[in-house]
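**Q** Top to bottom, those sequences are chains A and B.
Our numbering applies: residue 8 is where the first sequence begins, and numbers increase by one.
Our numbering applies: residue 8 is where the second sequence begins, and numbers increase by one.
Incorrect hints may appear among the rest.
All copies of an identical chain are treated as equivalent in the list; a pair is satisfied when it fits inside any one copy or across any two copies.
[Stated by the list, open to error] Straight-line distance between alpha carbons at most 20 Å, and here's what the computed EDC-like set of lysine to aspartate or glutamate pairs gives:
(1) LYS248 - GLU196
(2) LYS299 - GLU456
(3) LYS387 - GLU98
(4) LYS387 - ASP337
(5) LYS170 - GLU69
(6) LYS70 - ASP11
(7) LYS430 - GLU331
(8) LYS285 - ASP30
(9) LYS387 - GLU92
Note that these hints are calculated values from the structure, not bench results.
As the structure is a prediction and not an experimental result, all values here were calculated from the model.
Protein chains: 2
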Amino acid sequence: MKFDAAVMGSGIGGYPAAVYLADRGLRVAVVEEHLVGGECTNYGCVPTKALYHFAESAKFVEKVGGEVAYRWSSLVEWIRSVVRESRAGIEYLLESRGVVLIRGRGVLAGPRRVLVESSGERSEIECDKVILALGTDPADLPVARFDGHGIVSNREAPYFEEKPSRVLIIGGGVVGVELANAYSSLGVEVTLVEVMEHILPFTDRDIASVLRAHLSQRGVRVLEGASVTEVSRSSGAYVAKLTSGEVLEVDKIVVAVGRRPRTSGVGLEAVGVRLSEKGYIVVSEGMETSVKGIYAAGDAVGGPLLAHKALLESLAAARSALGEEAFRVDYKLVPTTIFTGLEVASVGYTEKELSALGVKYTRVRVPVYFLSAVKIKGHKNAFVKVLLDERGERVLGVHIVAPNASEVISAYLPLYLGRLSVKEAARTPYPHLTVSESLRDLAEYILGEPVHLVVKR
Amino acid sequence: MKFDAAVMGSGIGGYPAAVYLADRGLRVAVVEEHLVGGECTNYGCVPTKALYHFAESAKFVEKVGGEVAYRWSSLVEWIRSVVRESRAGIEYLLESRGVVLIRGRGVLAGPRRVLVESSGERSEIECDKVILALGTDPADLPVARFDGHGIVSNREAPYFEEKPSRVLIIGGGVVGVELANAYSSLGVEVTLVEVMEHILPFTDRDIASVLRAHLSQRGVRVLEGASVTEVSRSSGAYVAKLTSGEVLEVDKIVVAVGRRPRTSGVGLEAVGVRLSEKGYIVVSEGMETSVKGIYAAGDAVGGPLLAHKALLESLAAARSALGEEAFRVDYKLVPTTIFTGLEVASVGYTEKELSALGVKYTRVRVPVYFLSAVKIKGHKNAFVKVLLDERGERVLGVHIVAPNASEVISAYLPLYLGRLSVKEAARTPYPHLTVSESLRDLAEYILGEPVHLVVKR
């Protein structure tokens with residue numbers, strides 16, 4: 008089969024490029040071995056956020072003294088239905104653009120040839136351009152190898168057939184804390200183990216501390232600086248031994264310690280596509296690999312493993328492939344969001360990073376519990392932290408720890424970008440009874456004229 | 008008593024000015040007849056949003072097949088506790104700034120004199136500056152006069168001692184639709200009557216239609232172009248006759264047909280403060296009334312009766328009173344937000360307004376159900392509408408009809424302000440699994456390169 012372009016992978020690093028190219032008249036094939044939509048749609052963002060919204064709702068009803076009854080199987084069936092619908096949406100997008108979806112395992116057989124294997128049958132694609140959107144796989148641990156039912160990754164975690172009573176989550180990164188928050192909110196006994204000094208090791212300690220307190224309040228046992236030394240099975244349950252000597256019996260173990268790029272066994276080396284030491288695909292600013300005409304985007308090129316970063320990379324790759332004006336993805340503008348009731352959203356630098364770089368900065372940290380929108384949700388420790396350069400002019404980082412932070416960070420982006428001044432933010436009537444209005448309060452505070460914040464002088 | 012400034016009213020049109028003035032060294036008194044915090048804190052935003060968040064959570068649990076049990080009295084007690092805490096927050100703000108809170112009814116006895124009456128006792132304040140933050144009262148109807156328990160306003164509506172079975176809401180403005188949404192989500196049988204052609208008469212019909220469909224889905228009977236001609240009591244219930252001839256029996260009637268400024272009987276006319284025909288206080292751009300040294304802010308000056316508008320006016324009034332550089336409140340930048348599950352948030356012009364002004368415009372309207380963040384909440388009709396000038400350059404209005412729209416509108420404000428270009432928005436990695444990322448999709452669509460939207464050509 009002859010195509011203008013072949014996109015390997017239909018996840019959010021792949022399908023946007025396919026759509027973009029098809030819209031510009033190219034004949035495009037997408038090769039997908041598993042489910043259309045990839046990790047985000049099928050195992051990541053979509054199912055975990057569906058679970059999350061239910062968990063938060065149930066928890067909120069209980070907070071106000073109510074009781075919630077539901078069937079776990081209905082919850083999981085509903086999560087499946089949301090995912091199915093999201094997946095169908097992407098299939099429809101591809102179809103509407105006339106993109107040919109080829110199901111099977113794609114292997115690069117040359118810079119312009121992709122072999123596709125599906126249940127023993129082989130087909131061959133010839134194409135001018137290739138876009139690699141290969142994604143990542145969850146990594147397991149020598150002491151806790153995935154077994155598909157009891158020791159699992161994020162892929163099985165939103166879909167447990169029965170409600171587990173006790174879950175051990177190994178890894179206190181984004182995936183780990185999100186699942187810990189959701190499960191515990193639904194009454195599951197959760198132990199979260201993080202080997203580093205604190206959970207969310209990539210962010211600042213003050214943020215991690217507040218999140219740890221939040222998780223503890225939800226009933227999660229958070230063990231930091233701890234790891235699992237041994238796991239064994241015992242009559243249907245799993246027994247895990249921790250570095251502290253403690254022995255835990257649980258129903259499920261979720262390993263969320265990191266990802267591995269899906270870059271081996273697909274012919275990259277043979278064709279000459281350069282990989283980093285960790286196996287990520289090395290790309291230029293225009294998302295081109297070391298082989299002319301082969302581009303890559305999404306998780307498999309490394310960087311923050313986030314859907315919105317993958318999407319922009321995918322589009323940048325497509326534009327490069329077309330010879331259009333390349334646009335650079337601004338990685339320092341990619342927000343991180345953590346969906347944990349008391350959500351965390353960050354953009355730009357952490358204090359940790361600035362200190363490591365030797366950059367002097369001014370730290371503005373304001374509590375936001377005075378906002379009724381926060382009070383209603385009940386998160387006393389909510390705060391916003393903004394890091395400014397030494398002269399207090401440029402915003403180097405924004406960190407929001409508050410309900411709805413995942414939405415609110417988008418209101419802060421123009422401030423971070425320097426497109427909105429602090430003075431303008433202070434004069435902008437951000438709507439009341441939202442968390443976004445914290446931006447006005449923060450700006451007033453920086454200007455030295457805070458209304459809702461009490462400055463100790 | 009001698010003060011530098013007296014602020015009449017401790018609502019959100021009043022307390023910010025008091026804080027600002029006190030922070031600049033003035034001796035400030037706030038006169039409050041009722042509860043500190045005024046309408047927003049005690050009867051408006053805060054209690055209705057508390058009720059709303061509970062109602063949405065309960066509804067969401069039910070959507071996924073769960074059941075919710077709770078005691079109405081616990082719900083109301085919790086709402087009261089949130090309000091008490093918000094009120095205490097404002098009291099603390101005033102106290103922390105050394106503002107003297109004087110409880111009682113204030114009457115202007117001269118341009119620099121305020122008389123305060125409290126349980127028969129009278130005191131007198133002499134001051135250089137007065138800021139009037141008098142607020143509004145709910146209006147009732149000749150056929151439905153408030154009786155304090157069965158025919159009520161927004162002031163009683165979040166606090167019913169028992170869960171009503173059947174409620175008639177007269178008035179399909181913001182207050183009416185918000186209460187209709189919350190009550191119906193909690194299983195109350197709600198009839199919503201709007202005299203105009205459609206609910207939310209100030210906005211465009213397409214927005215109102217989608218909201219009507221949403222309310223209907225929640226179980227609200229929405230009657231447009233209808234009104235109540237007669238109300239009578241019948242053994243504990245109320246019987247309302249509608250223009251259609253229909254007779255309705257209900258437990259409670261909420262009248263939400265508008266507001267009246269609290270500007271009579273407080274000595275304004277005697278001192279020479281000019282009022283508009285409808286009784287609102289006439290102010291200059293610097294929020295000064297027709298009497299030098301007397302300023303006004305908030306609902307009592309008219310315009311959009313919104314907390315965030317009142318707050319900025321309050322600060323503008325304070326600055327004027329101090330002779331500082333005045334800043335003008337940009338009324339076209341004041342977003343309207345409607346908290347109805349499928350929320351509505353708007354800034355700038357409606358199509359209706361542009362047509363009336365004879366301004367030609369381009370309408371960009373995109374569905375946003377493709378966003379998984381919307382799919383999870385299940386609002387198939389969600390959309391974003393942006394009105395551009397004829398050349399497609401300037402943004403004249405933004406209308407978001409989607410869950411979380413109240414937060415999301417703040418991310419759109421820089422686009423509306425012209426501080427963020429469409430091209431920049433298209434390149435910004437707004438975080439995935441939020442509704443804010445609709446901004447990137449909308450921008451791509453305007454640029455003619457949509458990924459997630461299918462353009463019929």
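**Q** List, from low to high, the hint numbers that the structure doesn't satisfy.
**A** Of the numbered hints given earlier, those the structure breaks are 2, 4, 6 and 8, listed in rising order.
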